[in-house]
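A.B. asks: The chain contents come next:
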Amino acid sequence: DAGITQSPRYKITETGRQVTLMCHQTWSHSYMFWYRQDLGHGLRLIYYSAAADITDKGEVPDGYVVSRSKTENFPLTLESATRSQTSVYFCASKSTGVSYEQYFGPGTRLTVT
Amino acid sequence: DAKTTQPNSMESNEEEPVHLPCNHSTISGTDYIHWYRQLPSQGPEYVIHGLTSNVNNRMASLAIAEDRKSSTLILHRATLRDAAVYYCILSPLYGGATNKLIFGTGTLLAVQP
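Chains A and B are the protein sequences, given in the same order. Position one of the first sequence corresponds to residue 1 (the numbering used here), numbered consecutively onward. Position one of the second sequence corresponds to residue 1 (the numbering used here), numbered consecutively onward.
Hints in this document: simulated from the structure, not taken from any laboratory. Just so it is clear, the structure is predicted and the values come from calculations on it, not from any experiment. Heads up, the beta-carbon is just placed ideally off N, CA and C, and yes, glycines get one too. One thing to keep in mind: the hints can contain errors.
Stated by the list, open to error - Using C-beta positions, here's what the derived DEER-type ranges look like:
1) E45/B x G40/A: 19 to 29 Å
2) N73/A x S41/B: 16 to 26 Å
3) A110/B x D38/A: 14 to 24 Å
Unchecked claim - A few chain B positions that, by computed beta-carbon distances, are all more than 12 Å from chain A:
4) E14
5) T52
6) A65
Go ahead and model the full structure; you've got the sequences and the hints to work with.
C.D. replies: Now the structure itself:
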């Protein structure tokens, strides 16, 4: 399917476990982003990537790891999940050039018990 | 990053115009004004963006004050589907090549039938 997809859509995990959230886009966009959304905070940028093998921290990177070996994929890993990482996670992508529009995925709702 | 101020919530009636204000008094000369919206249980979606001149597209219009310290998103005829959180975001033209979006808490628009 064309577009940007996230998997899983829902995930429950236990404190201390490692969990990876997947993001896949079919547009070959250079830029990809991970946000988290919590009540009262809007969306906060966790990590972003300008191209394959280029990643950088956003506003709230602690406790998260990203990689981007292929342009189309941008997985987000919680190495040791904590309850404070219970949130809805959104992935987004953006092309280079004159377009400034970010395209968001449907989100992953993660609960850490 | 320059900050935006939006009302927490607004109400509108269906088929009437809606004017969503945004104040950004510390905007710099190279900041674009972006508007995104987030429908319930979905990821944000792009609405419109502009730099200095008023902009129109199929979804909305963006009116930018002459001094650029404020802007207004105009929905010409609100529908029930327009009920969402609307985010006004500033992003620099040359934002470290990322065009990062820093989301605030936005305006929750309720549309009454």
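A.B. asks: Determine for every hint whether it applies to the structure shown.
C.D. replies: Okay, the hints, checked on the actual structure:
Distance hint check: the CB atoms of E45/B and G40/A are about 21 Å apart, consistent with the given range 19 to 29 Å. Remark: the range hint 16 to 26 Å for N73/A to S41/B is upheld by a beta-carbon distance near 24 Å. Distance hint check for A110/B and D38/A: the Cβ-Cβ separation is about 22 Å, which falls inside the suggested range of 14 to 24 Å. The claim that E14/B is not at the interface with chain A holds, since no C-beta of that chain comes within 12 Å of its own (minimum 26 Å).
Distance check on T52/B: its Cβ is at least 15 Å (rounded) from any Cβ of chain A, clearing the 12 Å threshold; non-interface status holds. Separation of A65/B from chain A is adequate, the least Cβ-Cβ distance of about 20 Å exceeding the 12 Å criterion.
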